[in-house]
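Number of protein chains: 4
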Amino acid sequence: MAHLGFVGLGVMGGRMAKRLLAAGHALTGYNRTKSKAQWLLDLGMKWGDTPRAVAETADAIFTMVTNTEALQSVTGGPDGLLAGLGPGKIFVDMSTVSPAASRELAARVAARGAQMLDAPVSGSVATLEEGNLSIMVGGDRDAFEKIKPILQDIGPKVTHVGGNGLAVSMKIATNLSLAVQMLAFSEGVLLAEKSGIPRETAVEVLLHSVIASPMVKYRGPFVLKMPEEAWFDVNMMQKDMNLALEMGRHLDVPLPTTAVTNEFLTTARALGLVKEDFAVIFAVLARMAGIKP
Amino acid sequence: MAHLGFVGLGVMGGRMAKRLLAAGHALTGYNRTKSKAQWLLDLGMKWGDTPRAVAETADAIFTMVTNTEALQSVTGGPDGLLAGLGPGKIFVDMSTVSPAASRELAARVAARGAQMLDAPVSGSVATLEEGNLSIMVGGDRDAFEKIKPILQDIGPKVTHVGGNGLAVSMKIATNLSLAVQMLAFSEGVLLAEKSGIPRETAVEVLLHSVIASPMVKYRGPFVLKMPEEAWFDVNMMQKDMNLALEMGRHLDVPLPTTAVTNEFLTTARALGLVKEDFAVIFAVLARMAGIKP
Amino acid sequence: MAHLGFVGLGVMGGRMAKRLLAAGHALTGYNRTKSKAQWLLDLGMKWGDTPRAVAETADAIFTMVTNTEALQSVTGGPDGLLAGLGPGKIFVDMSTVSPAASRELAARVAARGAQMLDAPVSGSVATLEEGNLSIMVGGDRDAFEKIKPILQDIGPKVTHVGGNGLAVSMKIATNLSLAVQMLAFSEGVLLAEKSGIPRETAVEVLLHSVIASPMVKYRGPFVLKMPEEAWFDVNMMQKDMNLALEMGRHLDVPLPTTAVTNEFLTTARALGLVKEDFAVIFAVLARMAGIKP
Amino acid sequence: MAHLGFVGLGVMGGRMAKRLLAAGHALTGYNRTKSKAQWLLDLGMKWGDTPRAVAETADAIFTMVTNTEALQSVTGGPDGLLAGLGPGKIFVDMSTVSPAASRELAARVAARGAQMLDAPVSGSVATLEEGNLSIMVGGDRDAFEKIKPILQDIGPKVTHVGGNGLAVSMKIATNLSLAVQMLAFSEGVLLAEKSGIPRETAVEVLLHSVIASPMVKYRGPFVLKMPEEAWFDVNMMQKDMNLALEMGRHLDVPLPTTAVTNEFLTTARALGLVKEDFAVIFAVLARMAGIKP
Numbered sequence: 001m002a003h004l005g006f007v008g009l010g011v012m013g014g015r016m017a018k019r020l021l022a023a024g025h026a027l028t029g030y031n032r033t034k035s036k037a038q039w040l041l042d043l044g045m046k047w048g049d050t051p052r053a054v055a056e057t058a059d060a061i062f063t064m065v066t067n068t069e070a071l072q073s074v075t076g077g078p079d080g081l082l083a084g085l086g087p088g089k090i091f092v093d094m095s096t097v098s099p100a101a102s103r104e105l106a107a108r109v110a111a112r113g114a115q116m117l118d119a120p121v122s123g124s125v126a127t128l129e130e131g132n133l134s135i136m137v138g139g140d141r142d143a144f145e146k147i148k149p150i151l152q153d154i155g156p157k158v159t160h161v162g163g164n165g166l167a168v169s170m171k172i173a174t175n176l177s178l179a180v181q182m183l184a185f186s187e188g189v190l191l192a193e194k195s196g197i198p199r200e201t202a203v204e205v206l207l208h209s210v211i212a213s214p215m216v217k218y219r220g221p222f223v224l225k226m227p228e229e230a231w232f233d234v235n236m237m238q239k240d241m242n243l244a245l246e247m248g249r250h251l252d253v254p255l256p257t258t259a260v261t262n263e264f265l266t267t268a269r270a271l272g273l274v275k276e277d278f279a280v281i282f283a284v285l286a287r288m289a290g291i292k293p
Numbered sequence: 001m002a003h004l005g006f007v008g009l010g011v012m013g014g015r016m017a018k019r020l021l022a023a024g025h026a027l028t029g030y031n032r033t034k035s036k037a038q039w040l041l042d043l044g045m046k047w048g049d050t051p052r053a054v055a056e057t058a059d060a061i062f063t064m065v066t067n068t069e070a071l072q073s074v075t076g077g078p079d080g081l082l083a084g085l086g087p088g089k090i091f092v093d094m095s096t097v098s099p100a101a102s103r104e105l106a107a108r109v110a111a112r113g114a115q116m117l118d119a120p121v122s123g124s125v126a127t128l129e130e131g132n133l134s135i136m137v138g139g140d141r142d143a144f145e146k147i148k149p150i151l152q153d154i155g156p157k158v159t160h161v162g163g164n165g166l167a168v169s170m171k172i173a174t175n176l177s178l179a180v181q182m183l184a185f186s187e188g189v190l191l192a193e194k195s196g197i198p199r200e201t202a203v204e205v206l207l208h209s210v211i212a213s214p215m216v217k218y219r220g221p222f223v224l225k226m227p228e229e230a231w232f233d234v235n236m237m238q239k240d241m242n243l244a245l246e247m248g249r250h251l252d253v254p255l256p257t258t259a260v261t262n263e264f265l266t267t268a269r270a271l272g273l274v275k276e277d278f279a280v281i282f283a284v285l286a287r288m289a290g291i292k293p
Numbered sequence: 001m002a003h004l005g006f007v008g009l010g011v012m013g014g015r016m017a018k019r020l021l022a023a024g025h026a027l028t029g030y031n032r033t034k035s036k037a038q039w040l041l042d043l044g045m046k047w048g049d050t051p052r053a054v055a056e057t058a059d060a061i062f063t064m065v066t067n068t069e070a071l072q073s074v075t076g077g078p079d080g081l082l083a084g085l086g087p088g089k090i091f092v093d094m095s096t097v098s099p100a101a102s103r104e105l106a107a108r109v110a111a112r113g114a115q116m117l118d119a120p121v122s123g124s125v126a127t128l129e130e131g132n133l134s135i136m137v138g139g140d141r142d143a144f145e146k147i148k149p150i151l152q153d154i155g156p157k158v159t160h161v162g163g164n165g166l167a168v169s170m171k172i173a174t175n176l177s178l179a180v181q182m183l184a185f186s187e188g189v190l191l192a193e194k195s196g197i198p199r200e201t202a203v204e205v206l207l208h209s210v211i212a213s214p215m216v217k218y219r220g221p222f223v224l225k226m227p228e229e230a231w232f233d234v235n236m237m238q239k240d241m242n243l244a245l246e247m248g249r250h251l252d253v254p255l256p257t258t259a260v261t262n263e264f265l266t267t268a269r270a271l272g273l274v275k276e277d278f279a280v281i282f283a284v285l286a287r288m289a290g291i292k293p
Numbered sequence: 001m002a003h004l005g006f007v008g009l010g011v012m013g014g015r016m017a018k019r020l021l022a023a024g025h026a027l028t029g030y031n032r033t034k035s036k037a038q039w040l041l042d043l044g045m046k047w048g049d050t051p052r053a054v055a056e057t058a059d060a061i062f063t064m065v066t067n068t069e070a071l072q073s074v075t076g077g078p079d080g081l082l083a084g085l086g087p088g089k090i091f092v093d094m095s096t097v098s099p100a101a102s103r104e105l106a107a108r109v110a111a112r113g114a115q116m117l118d119a120p121v122s123g124s125v126a127t128l129e130e131g132n133l134s135i136m137v138g139g140d141r142d143a144f145e146k147i148k149p150i151l152q153d154i155g156p157k158v159t160h161v162g163g164n165g166l167a168v169s170m171k172i173a174t175n176l177s178l179a180v181q182m183l184a185f186s187e188g189v190l191l192a193e194k195s196g197i198p199r200e201t202a203v204e205v206l207l208h209s210v211i212a213s214p215m216v217k218y219r220g221p222f223v224l225k226m227p228e229e230a231w232f233d234v235n236m237m238q239k240d241m242n243l244a245l246e247m248g249r250h251l252d253v254p255l256p257t258t259a260v261t262n263e264f265l266t267t268a269r270a271l272g273l274v275k276e277d278f279a280v281i282f283a284v285l286a287r288m289a290g291i292k293p
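Residue numbers (the numbering used here), protein chains in the order written: chain A, 1 to 293; chain B, 1 to 293; chain C, 1 to 293; chain D, 1 to 293.
Any given hint might turn out to be false.
To be verified - Derived DSBU-like pairs: lysine-lysine, alpha-carbon spacing no greater than 30 angstroms straight-line:
#, chain 1, residue 1, chain 2, residue 2
1, B, Lys-217, A, Lys-148
2, C, Lys-46, C, Lys-194
3, B, Lys-292, C, Lys-239
4, C, Lys-217, D, Lys-89
5, A, Lys-225, B, Lys-217
6, D, Lys-217, A, Lys-292
7, A, Lys-157, B, Lys-146
8, C, Lys-148, D, Lys-18
9, C, Lys-157, D, Lys-275
10, C, Lys-148, D, Lys-148
11, C, Lys-217, D, Lys-148
12, B, Lys-194, C, Lys-46
Stated by the list, open to error - Okay, the calculated bits of chain D under chain C, using three or more residues with CB under 8 angstroms as the criterion:
#, region
13, 146 to 153
14, 175 to 187
In case anyone wonders, no lab produced these hints; they're calculated from the structure. Cβ atoms here follow ideal geometry from the backbone N, Cα and C, with glycine treated the same way.
Between the sequences and the hints, there should be enough to build the whole structure, so can you do that?
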């Protein structure tokens with residue numbers, strides 16, 4: 001494509017933009033705090049003064065922001081991304097937001113003659129940097145086909161899962177298991193530990209067992225030593241759980257393990273651990289079991 | 001070792017005995033229903049008329065039975081295994097039983113001058129037949145070292161995790177995640193499906209995501225088509241959950257996801273699904289979500 | 001007070017208005033569907049063409065609507081209640097809405113020089129008609145003192161619990177126990193019944209035990225025979241549970257029994273029972289226990 | 001009846017025995033620690049050297065012990081109560097034990113030509129002393145009719161609920177709501193408190209609301225000030241919850257609120273609060289909400 005735009009150049013978004021630049025794309029970017037994007041300007045990215053300006057410049061515009069409210073903030077209003085869209089343009093939101101909000105936004109994008117795709121990613125910063133990110137895409141197939149080669153410059157596994165909003169739905173349906181698996185894993189470690197098995201041994205056995213999902217493999221060792229910086233903090237994890245529970249209520253799907261696990265994320269928050277990686281749910285349960293995390 | 005004994009020649013136990021025979025060991029076996037062991041007699045196994053007779057004949061005696069009650073049944077009484085034990089003999093229980101019961105039995109074995117190991121296995125019939133079974137062992141290290149080569153004829157990965165009862169503790173601490181992961185997985189599939197994503201697509205995406213533990217990988221497809229025969233049925237799964245919950249109460253470890261998930265296994269039982277593979281927990285949740293399993 | 005206004009003349013609101021008329025107050029009313037308020041016009045109520053018109057006419061204006069969205073609908077916009085408020089007027093919302101939304105609205109009311117009270121009620125239509133309704137009030141004490149005598153014409157027990165939004169907070173904190181107590185009661189009835197005790201006997205014993213709250217006393221018999229018309233349906237009950245869970249997340253209070261119970265209300269919804277009294281949660285659990293409700 | 005016997009003269013049993021003496025019955029008693037029964041001997045009770053001796057002396061024998069194990073201990077063996085039973089005698093167990101164990105014991109009593117009733121009580125020491133205890137009875141109706149006048153000397157409300165074991169079943173089905181209602185109540189208090197409502201006010205409002213069961217009324221104030229001595233401690237409460245969960249598994253009744261609440265009793269235990277009244281579940285949740293109990 002002739003020209004790309006990127007709005008939201010934080011930890012994930014910035015690295016995605018970098019990969020697009022590295023792949024040879026012309027790119028205009030916008031971030032609420034310009035200074036945080038200076039390193040990308042140094043790499044050749046152009047600056048757009050507003051999300052609208054970015055959208056006016058580019059043929060395909062990507063967003064990567066924190067939540068539904070942030071997405072509404074960069075897309076709405078006179079300086080918003082929507083105002084800069086028009087026929088032929090494709091807007092790709094890579095954030096994890098409410099599927100309902102995503103679909104509503106897609107309708108407004110369509111009303112301007114443009115097309116929208118939701119394209120949330122699965123994986124962490126490390127996965128992204130290694131070039132192993134998985135990307136699910138929701139929206140019209142023709143728009144998908146046009147955008148697919150660009151998305152592959154961000155991550156190799158790009159899958160079309162259905163219409164607008166369905167990729168974020170699938171993402172949320174996946175992510176609820178992250179927290180639940182981590183809490184169940186913690187239950188197992190604490191049972192073993194209080195039985196008399198050293199925590200290290202318990203973790204090692206579990207990491208080699210049939211319950212060792214990739215998530216358990218990279219996050220399990222955190223119960224021995226928490227990471228300096230959260231990979232995915234309690235706040236972000238609970239945001240996804242809340243989206244899942246909201247979907248469950250709208251679609252009439254009971255979510256028993258999600259609901260119970262979410263209360264332990266709330267406990268983590270209450271205990272001041274909101275900025276920790278959500279693996280800290282182990283520490284919450286350990287306290288409840290009367291032992292040192 | 002000069003001679004081995006095996007008590008409990010059911011689906012798992014019989015195949016273990018077969019592997020021991022295939023490895024060249026002399027073996028005397030006992031099963032409550034003799035006819036079910038005929039195929040092993042045809043393969044060269046000798047018959048012992050009682051568990052006690054097997055124990056008197058052999059230097060190392062293995063058991064593989066359904067639960068704590070079955071273990072007490074084959075070990076106790078005048079014809080029981082215990083009565084046939086004496087100095088120098090090693091008794092290896094491969095069943096998944098209550099850690100407390102296992103430790104108590106180990107004490108009675110020691111009182112007769114023999115040694116006991118708990119050696120529960122991780123994996124299904126298929127894993128066993130492929131020769132990939134993992135075996136955790138609890139008990140004295142010297143007894144472990146003597147038995148290790150024999151266990152390796154059953155499955156290659158043999159790990160000593162600590163004193164008596166700790167291997168079954170570790171097994172139970174692992175297994176609770178099987179059911180919890182399966183229920184969380186089902187929540188995700190149903191959320192996706194009611195969002196409008198075909199069930200097949202949802203399963204495929206989840207099986208390639210970070211939540212895809214080996215358990216999820218082989219059991220996830222069961223939500224599309226249940227297996228003819230259960231790999232691990234609701235009854236067996238709930239037995240392990242009950243053991244976990246019992247341990248949690250004795251050791252003061254709260255087990256929130258285990259407790260909640262167990263109520264759905266009870267529901268499966270109430271709905272007449274007790275003989276199905278525990279993946280049927282998906283069907284239970286599907287009914288509660290008002291859709292056809 | 002010289003003149004009262006009432007917006008939202010449904011099942012509860014209409015009967016409240018009737019009591020105000022019966023107490024001799026001059027009253028102007030508004031309802032989305034005018035025909036449903038005809039009986040009140042016949043009793044002497046005057047009609048206001050819009051919520052704004054009602055607010056312009058009256059000194060104290062009451063609202064009783066379904067939820068937060070309905071409240072925003074009757075208060076906002078050019079025809080909304082807010083536009084008709086001014087210095088000296090008092091706006092009393094008797095609905096159960098989000099405490100945050102209530103506080104935000106109170107600020108907007110204050111900006112127009114008027115005062116707002118949140119005054120949710122505790123009790124059903126029957127309690128109201130018997131003149132036994134309890135009313136909790138949040139907001140400034142001086143406004144409370146002015147309105148108190150009027151509220152006492154609706155129900156005798158009027159309590160000031162604190163500042164704006166705190167009465168709805170207290171209401172929601174109370175209501176979560178309705179659903180939880182009902183589900184726990186159902187667990188007890190089903191345990192007794194499957195033990196072999198006739199359901200009627202089980203209910204009778206429970207209704208005379210220490211767990212028999214007023215709620216259990218009037219709703220318990222519903223497990224023998226559901227009422228023709230819901231007193232408080234699944235939809236309304238879940239609305240309050242969702243408000244509680246939302247508060248729990250904002251205030252960092254884990255709500256384990258609320259969270260679990262809410263998933264059974266979702267199940268009721270999925271099974272097509274959304275319009276039934278929430279006592280139907282018994283029928284949901286009965287199905288899960290494999291017996292006829 | 002000519003002569004009564006009583007085994008288990010602790011806090012509850014002792015006061016029951018006192019009431020029987022006060023009603024003019026001849027009574028022989030036994031307690032593991034004789035010194036604790038001295039006050040009853042001073043009131044005219046005779047001493048039996050073993051449970052068997054008591055059973056041999058008396059026509060109707062009552063037991064009141066801690067749990068299933070204690071009941072088996074006083075009834076079994078050569079000195080046990082069973083050995084002293086014979087035709088025409090009636091054995092009344094007032095403890096709360098496993099319904100299955102109660103039924104099994106009733107069969108053994110019948111084999112000796114005697115009859116057994118299970119007659120658990122509902123209410124605390126205070127209720128007993130005020131003469132307001134409720135007693136549910138399971139077993140043959142003819143035996144019930146003979147014992148009824150004696151039970152009425154202990155407490156006025158005596159109800160026959162069905163065959164052997166059904167009274168303890170009904171008791172357990174009732175008691176699960178005690179813990180669940182207390183946890184739900186705690187959720188409400190903490191939500192209110194973190195909203196800004198003083199804890200005292202929140203408790204007062206809740207105690208006057210429709211959720212105020214007798215249990216909530218007498219135990220609710222404990223969240224303001226715990227009692228010096230537990231009325232019903234965490235250990236006893238969890239014993240009943242475990243019996244309920246065990247019944248649920250045998251009878252295939254899912255018990256979602258019971259299961260979740262029980263994990264918080266386990267947490268109380270882990271935090272060293274096992275001897276506190278089970279109202280301490282509030283303190284557990286308060287810690288999890290990050291505030292001082």
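- Message: Hint check: A:Lys-225 vs B:Lys-217, CA-CA at most 30 angstroms. Holds or violated?
- Response: holds (28 angstroms)
- Message: So if I understand the rule, the pair passes when the alpha-carbon distance is 30 angstroms or less; does C:Lys-217 with D:Lys-148 pass?
- Response: holds (27 angstroms)
- Query: Given the proposed pairing of C:Lys-46 with C:Lys-194, does the C-alpha separation stay at or below 30 angstroms?
  - Reply: With Cα atoms ~57 angstroms apart, C:Lys-46 and C:Lys-194 exceed 30 angstroms; violated.
- Message: Hinted pair, alpha-carbon criterion (30 angstroms max): C:Lys-217, D:Lys-89. Please report holds or violated.
- Response: violated (39 angstroms)
- Is the hinted pair A:Lys-157 and B:Lys-146 satisfied, with a Cα-Cα distance of at most 30 angstroms? violated (49 angstroms)
- Given that the region 175 to 187 of chain D was listed as covered by chain C, double-check it with a C-beta distance under 8 angstroms for 3 or more residues. holds (count 9)
- Sort out whether A:Lys-148 lies within 30 angstroms of B:Lys-217, counting only the CA atoms. holds (27 angstroms)
- Task: With a cut-off of 30 angstroms on the C-alpha distance, tell me whether B:Lys-194 and C:Lys-46 pass.
- Result: violated (48 angstroms)
- Holds or violated: B:Lys-292 to C:Lys-239, with C-alpha atoms at most 30 angstroms apart: Given pair B:Lys-292, C:Lys-239 holds - Cα atoms ~27 angstroms apart, limit 30 angstroms.
- How does the coverage statement for the region 146 to 153 of chain D fare against chain C, requiring three or more residues with Cβ below 8 angstroms from a Cβ of that chain? violated (count 0)
- Query: Given the hinted pair D:Lys-217 and A:Lys-292, is their alpha-carbon gap at most 30 angstroms?
  - Reply: Roughly 36 angstroms between the alpha carbons, so the hint for D:Lys-217 and A:Lys-292 is violated.
- Decide if the proposed pair is consistent with the structure: C:Lys-148 and D:Lys-18, CA atoms, cutoff 30 angstroms inclusive. Violated. C:Lys-148 to D:Lys-18 sits at ~53 angstroms, over the 30 angstroms cutoff.
When the structure is compared with the earlier hints, violations turn up for hints 2, 4, 6, 7, 8, 9, 10, 12, 13 and for no others.
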